[in-house]
Amino acid sequence: MGVRVLGIDPGSRATGWALVIAEGNRYRLEKSGVVRPRGDHRHGRLADLQHRLANVVGELAPDCAAVESSFLGLNPKTGLALAESRGVILAVLGGLDLEVSSYSPAEVKSAVVGHGRAEKQQVNYMVVRLLSLNDKPPSDAADAMAVAITHIHLGAWNKAR
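Per this note's numbering: the sequence shown = residues 652 to 812.
Rather than coming from a laboratory, the hints here were simulated on the basis of the structure. Some clues are possibly wrong.
Unchecked claim - Simulated restraints on C-beta separations:
# : residue 1 : residue 2 : range
1 : His-692   : Ser-783   : 25 to 31 Å
2 : Arg-768   : Arg-664   : 40 to 46 Å
3 : Gly-695   : Gly-653   : 34 to 40 Å
4 : Pro-727   : Glu-770   : 23 to 29 Å
5 : Gly-806   : Glu-681   : 18 to 24 Å
6 : Gly-675   : Ala-698   : 36 to 42 Å
Ideal Cβ positions, reconstructed from N, Cα and C, are used throughout, including at glycine.
Based on the sequences and whatever the hints tell you, model everything.
So, in structure tokens, the structure goes:
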């Protein structure tokens with residue numbers, strides 16, 4: 652049995668997740684999805700994200716997790732909302748005692764496509780090819796798959812053992 656890597660793409664409105672299993676130099680997608688937090692207020696949506704993500708992680712039982720880090724250039728309001736979501740995600744993973752690594756968007760693009768300035772469509776194309784998917788996944792889930800693939804490509808899960 653291989654290592655089970657949970658990739659997460661934080662978002663203020665949608666958080667993508669994907670469990671990728673690495674077996675030697677091959678890997679496959681076990682399951683993926685998108686959490687779209689519900690609630691009338693930001694604090695309610697963050698609580699919903701916490702609850703729903705904890706359920707996902709509990710069900711999937713990953714060995715480790717990889718989370719995309721925030722990127723600069725966002726307007727302050729968007730950046731704050733993304734940071735809040737990322738904080739909830741890190742708290743959930745930390746509360747479940749998972750080893751967590753973070754990767755910048757440029758690191759993800761470089762690991763999956765070969766250069767850090769790749770377009771989103773190029774990343775999605777490579778995710779479909781690398782995981783031998785029949786259909787194009789939702790964008791947020793594809794981004795989470797790319798984060799998990801980055802973690803596998805960089806061998807970070809192997810160093811934690």
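- Item | Gly-675 versus Ala-698 beta-carbon gap, inside 36 to 42 Å or not | 40 Å, holds
- Message: Range first: 40 to 46 Å. Now tell me if the beta carbons of Arg-768 and Arg-664 are that far apart.
- Response: 25 Å, violated
- Does the Cβ distance between Gly-806 and Glu-681 fall inside 18 to 24 Å? Given range 18 to 24 Å: holds, Cβ gap about 20 Å.
- Does 23 to 29 Å hold as the CB distance between Pro-727 and Glu-770, or does it fail? 26 Å Cβ-Cβ, so the 23 to 29 Å window holds.
- Range agreement (Cβ of Gly-653 with Cβ of Gly-695, hint 34 to 40 Å): Because 38 Å falls inside the window, the suggested range holds.
- Beta-carbon spacing of His-692 to Ser-783 - inside the hinted bounds 25 to 31 Å or not: 42 Å, violated
Against the hints set out earlier in the document, violations occur for numbers 1, 2.
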